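Peer 1: The letter at position 132 of the sequence shown is residue 131 when you use numbering that gives the first Met the number 0, and the numbering goes up by one with no holes.
Hints may contain errors.
To be verified - EDC-like, lysine to aspartate or glutamate: derived pairs with alpha carbons at most 16 angstroms apart:
1. Lys96 to Asp65
2. Lys73 to Asp40
3. Lys66 to Asp40
4. Lys96 to Glu69
5. Lys52 to Glu93
6. Lys33 to Asp8
7. Lys96 to Glu70
8. Lys33 to Glu1
None of these hints come from the bench; they were simulated from the model. As the structure is a computational prediction, the values presented were derived from the model and not from experiment.
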Amino acid sequence: MEFYLDTADTAQVRQFIRSLPLSGVTTNPSLVAKVRRPLSDILNELRDMLGEKTRLFVQILANHPDKMVEEAIKLSEQHRNLVIKIPVTLSGLEAIKQLTAQNIPTLGTAVYGAGQGFFGSIGRSKLYRPLCQPY
């Protein structure tokens with residue numbers, strides 16, 4: 000089993016790495032906005048703390064497929080061992096397909112049902128993050 004912390008707060012990550020074997024960190028735009036720091040600074044600090052082999056999951060902001068791909072490529076060139084989180088929408092599926100063809104790892108996010116997960120698999124993303132409501 001792998002354990003990922005969902006945060007952009009590097010102080011929080013520092014606390015958890017003392018006691019938990021973190022496999023990586025996941026972020027999204029709202030988590031990054033809460034800490035009011037540039038994403039690049041956060042990723043650099045996480046990389047310094049967690050090492051080169053630790054996976055970091057970063058969600059892109061763009062909504063148009065070409066812009067999604069452009070943003071993902073830029074992030075991947077600047078930071079090693081990233082997995083790009085892309086919402087499983089029609090635009091996202093197109094971007095996932097293009098990025099997969101370029102060997103850029105993706106995670107289909109904002110999956111609210113089995114249908115979205117199915118279509119995401121057609122787009123060839125190997126990782127998915129379903130969002131579930133508590134009962």
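Peer 1: For every hint, state whether the structure bears it out.
Peer 2: Comparing the hints with the structure gives:
1. Taken as a hint, the lysine 96 and aspartate 65 pair is honoured in the structure, with Cα atoms around 11 angstroms apart against an allowance of 16 angstroms.
2. For the hint pairing lysine 73 with aspartate 40, the CA-to-CA distance comes to about 15 angstroms; that is within 16 angstroms, so the pair holds.
3. A C-alpha spacing of about 22 angstroms is found between lysine 66 and aspartate 40, which places the hinted pair above 16 angstroms, so the restraint is violated.
4. For a cut-off of 16 angstroms, the pair hint linking lysine 96 to glutamate 69 stands: about 13 angstroms separates their Cα positions.
5. Distance hint between lysine 52 and glutamate 93 is unfulfilled; the C-alpha atoms sit about 28 angstroms from each other, more than 16 angstroms.
6. Distance check on the hinted pair: lysine 33 and aspartate 8 sit about 8 angstroms apart at the alpha-carbon level, within 16 angstroms; holds.
7. Proposed proximity of lysine 96 and glutamate 70 is supported: the alpha carbons are some 15 angstroms apart, at most 16 angstroms.
8. For the hint pairing lysine 33 with glutamate 1, the CA-to-CA distance comes to about 25 angstroms; that exceeds 16 angstroms, so the pair is violated.
In terms of the numbered hints stated before, the structure departs from hints 3, 5 and 8, listed from lowest to highest.
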